[in-house]
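Engineer: Order-wise, the sequence lines are chains A and B. Count the first sequence with the working numbering and you get residues 14 to 453, in order. Count the second sequence with the working numbering and you get residues 14 to 453, in order.
Bear in mind the hints are in silico, worked out from the structure with no lab data behind them. Check the hints yourself; a few may be wrong.
Identical chains share a label here; the pair holds if one copy fits it or two copies do between them.
[To be verified] Each computed PhoX-like pair below joins lysine-lysine, with the alpha-carbon atoms no more than 25 angstroms apart:
1. 421 - 53
2. 248 - 99
3. 138 - 17
4. 348 - 53
5. 81 - 359
6. 89 - 196
7. 348 - 17
8. 132 - 355
9. 132 - 17
10. 35 - 271
11. 248 - 81
12. 374 - 132
13. 382 - 17
14. 271 - 69
Number of protein chains: 2
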Amino acid sequence: MSEKEVKIGLVGFGTIGTGVAKLILEDGDSIAAKTGLRLKLACVVDVDTKSARPVKLSKGILTNDLDKLLKDDSIKIGIELVGGTKAAKQIQLKMLRAGKDVVTANKALLAEHGNELYKAAHENKRCIAFEASCAGGIPIISGLRTGLAANNIMAIYGIVNGTCNYILSNMTSRNEDFAEALKQAQRLGYAEADPTLDINGGDSAHKLAILASIAFGCEIALSDISVEGIEEISKDDIRYGGEMGYVLKLLAIGQKDKGGGISLRVHPSFIAKDNSLARVNGPFNAISIFGSAVGQVMYYGRGAGMMPTASAVVADVIDVALGNSATTFAHLHLKPRSETEKLIEKIGDSISRFYIRVMCKDQPGVLAKMAKVLGDNQISISGTLQHEGVGPDNTIPVVIATHLTRQKNVSAAVKEIKELDVIGGKPVCIRIVDIPEDKD
Amino acid sequence: MSEKEVKIGLVGFGTIGTGVAKLILEDGDSIAAKTGLRLKLACVVDVDTKSARPVKLSKGILTNDLDKLLKDDSIKIGIELVGGTKAAKQIQLKMLRAGKDVVTANKALLAEHGNELYKAAHENKRCIAFEASCAGGIPIISGLRTGLAANNIMAIYGIVNGTCNYILSNMTSRNEDFAEALKQAQRLGYAEADPTLDINGGDSAHKLAILASIAFGCEIALSDISVEGIEEISKDDIRYGGEMGYVLKLLAIGQKDKGGGISLRVHPSFIAKDNSLARVNGPFNAISIFGSAVGQVMYYGRGAGMMPTASAVVADVIDVALGNSATTFAHLHLKPRSETEKLIEKIGDSISRFYIRVMCKDQPGVLAKMAKVLGDNQISISGTLQHEGVGPDNTIPVVIATHLTRQKNVSAAVKEIKELDVIGGKPVCIRIVDIPEDKD
Chain A
14 MSEKEVKIGL VGFGTIGTGV AKLILEDGDS IAAKTGLRLK LACVVDVDTK SARPVKLSKG
74 ILTNDLDKLL KDDSIKIGIE LVGGTKAAKQ IQLKMLRAGK DVVTANKALL AEHGNELYKA
134 AHENKRCIAF EASCAGGIPI ISGLRTGLAA NNIMAIYGIV NGTCNYILSN MTSRNEDFAE
194 ALKQAQRLGY AEADPTLDIN GGDSAHKLAI LASIAFGCEI ALSDISVEGI EEISKDDIRY
254 GGEMGYVLKL LAIGQKDKGG GISLRVHPSF IAKDNSLARV NGPFNAISIF GSAVGQVMYY
314 GRGAGMMPTA SAVVADVIDV ALGNSATTFA HLHLKPRSET EKLIEKIGDS ISRFYIRVMC
374 KDQPGVLAKM AKVLGDNQIS ISGTLQHEGV GPDNTIPVVI ATHLTRQKNV SAAVKEIKEL
434 DVIGGKPVCI RIVDIPEDKD
Chain B
14 MSEKEVKIGL VGFGTIGTGV AKLILEDGDS IAAKTGLRLK LACVVDVDTK SARPVKLSKG
74 ILTNDLDKLL KDDSIKIGIE LVGGTKAAKQ IQLKMLRAGK DVVTANKALL AEHGNELYKA
134 AHENKRCIAF EASCAGGIPI ISGLRTGLAA NNIMAIYGIV NGTCNYILSN MTSRNEDFAE
194 ALKQAQRLGY AEADPTLDIN GGDSAHKLAI LASIAFGCEI ALSDISVEGI EEISKDDIRY
254 GGEMGYVLKL LAIGQKDKGG GISLRVHPSF IAKDNSLARV NGPFNAISIF GSAVGQVMYY
314 GRGAGMMPTA SAVVADVIDV ALGNSATTFA HLHLKPRSET EKLIEKIGDS ISRFYIRVMC
374 KDQPGVLAKM AKVLGDNQIS ISGTLQHEGV GPDNTIPVVI ATHLTRQKNV SAAVKEIKEL
434 DVIGGKPVCI RIVDIPEDKD
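Excised from the complex, chain A in its bound form (with noise of 0.2 angstroms):
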């Protein structure tokens, strides 16, 4: 069949700008064969162009001036792979002012800026394709758009950031510490030598931020979703958490209520063992998804790395080249934000199960009078756990398990039981989620 060649620029070299690069240069033919498309790199641009790269570039392609790519007509698609807020977005501007269609792995970038960029795109009639920014190679955008676009989406629940699942994955299978498994995280490059925007659970909300806006149809700011992380986590509350039946993952979460109220957090969440999100381990990602007609779906794969990341950013490229994006972006419709902030539930309000630990001296009335504390904030108990043996200053751990509460009760109830007689160090405090598995 007849080839339609397609020129791209390329805007950052690093390691997935790296990985698209072989992708185009090595699997030319068999994209070629079957799309019709002969992608052609036709402008690279980083910083650096002196480093040596696993990818050989054609003499003349590799440049630090933008310019070269912005002034080449010829180049219909930008691809901006460089990372940050402030250099990336000025990039995606001019490249779309110059008339080129965006691809993008950007995640912080379009949580932060999304809804200017979209506005940008589409005053300049031009695209912005963003598979690659939420979890790496999961087809996950393009499901939601396409394959699920006749659902009403009720909810998502994704364990979405490769290091946080792989230190919680460790901690719970080898008992290690969060500072031993956050080393070893590193070590395998799972993580990075800065691993806060990951282990704060920021990163997670970026991809939640762009998810749940695609999802609900809806313009979504970062500030709208609620962020904790796991730095706090201590492997004897996954073991005990473990004891009653559940497992540890940070979760990122986007929930419609019937009324249309829309609740966005991000936190590490006790899930049941046998839910099939419970079973995500390592650096593996897994998405959720509840819609009304189709009923659960789950998304498996990795979240990041070069190769899946360049997989879903060429197979944005493909599909801006066949122009399926511009009619999907085109159509991309968002209710603006003075609207949906008013629906964004507070999370003081939001309503869950809640895993409380307690380090208590052990003596007569300890039991009675955290009890009373919960009794009295509207807080019942489901369970309870309570092991033989000692911990620091002669102190025993208490676990309580909650049925559904306002998390505004139980942050009033742990302030009231940190003040007990008998209570000694910092309630411990983990949320637990119900997921609704669907079964038959």
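Dock chain B against the given chain A, drawing on the hints supplied.
Structural biologist: The following block gives chain B in isolation, referenced to the frame of chain A:
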């Protein structure tokens, strides 16, 4: 935003057709808000215009006259949900010739006559969209065609028949006989009154033909697929396999080797208990795909049922109306079968591990005789299992797991073993499939 009206004709007003009508009528507003498309059901054709359905059509919409749909030029999209391959084929051809794009869930028709129908569509400059033909609510076709487009797909392992998975799950978890489990599936609506096409693997083969043609980019005939069903599976073998660490699933398998050879098989398969597919139970479907760049991706969800399948049909209607299906379909270039059929591996040459169970007389030298036959046929043993206790005619079950070997070697060995004087009944032979779970 302005809405574009899209008139739709529907042929086949049974269970799925009713689900499609429900979605279009009841979720029209949310679909319009998300996509800008106002779907309008303009004509519904069925031989039965009398029976009550749980959805209310406007007056004059339901007819038994296909011509009414064909001659209405305002109808641009025709949905075929008649099922079967004869009338359905004519209906699709007539719709294509009348200038309508076709959306269908008809896997049997596409598996048997897809190449001819695709040709007719190309000739009429129309498209056929068939997301609903495979794995119901799971958007696997669009995943393969768009999200994973940059990958060379190396292998597909799918649980794509909910009836078989429900039966095997119950045989495993409740120690039920095949006949009992089938009856229960029929009572709950997971198996049809005549379950032949499900339990003999035919339905899975239909889906594999479609999936493999998209994944590997080539025309595939049903006769290219080697098919075995689950009718002869005994709960004893499920139990013995379980003791060896395996779970039994009916898998549809498509594999490509480095030389381009393609292996296409549907058969009962023992897979490792900790593989993600082993945990897919009841009527659910799941498909693991291995791509050159992305590694393993798994999709999980409902493979059948009124609303999940309707969800896929309406997703296709939206994709067709946006114009994306036309582009994707125009770029669907499958290698002609004359080229691919040379690449199809003969089942006798296929390499696998095997579970062989033989009922042996309880006397000295039995295992030695069997081991000799296996050795003579170049088959090496990876494990054996022999329980005390006595079967019919004073025989005891001896189970042998083999290392990788060719199917034809095993067939020859089993034939010889059957003739041994120490054997009662027919040996049972089930493949052990080592799915290369992507791990770190």
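Engineer: Hint compliance check: list the failing hint numbers for this structure, sorted ascending.
Structural biologist: Hints 1, 2, 5, 6, 11, 12 and 13 are the ones this structure does not satisfy, whereas the remaining hints hold.
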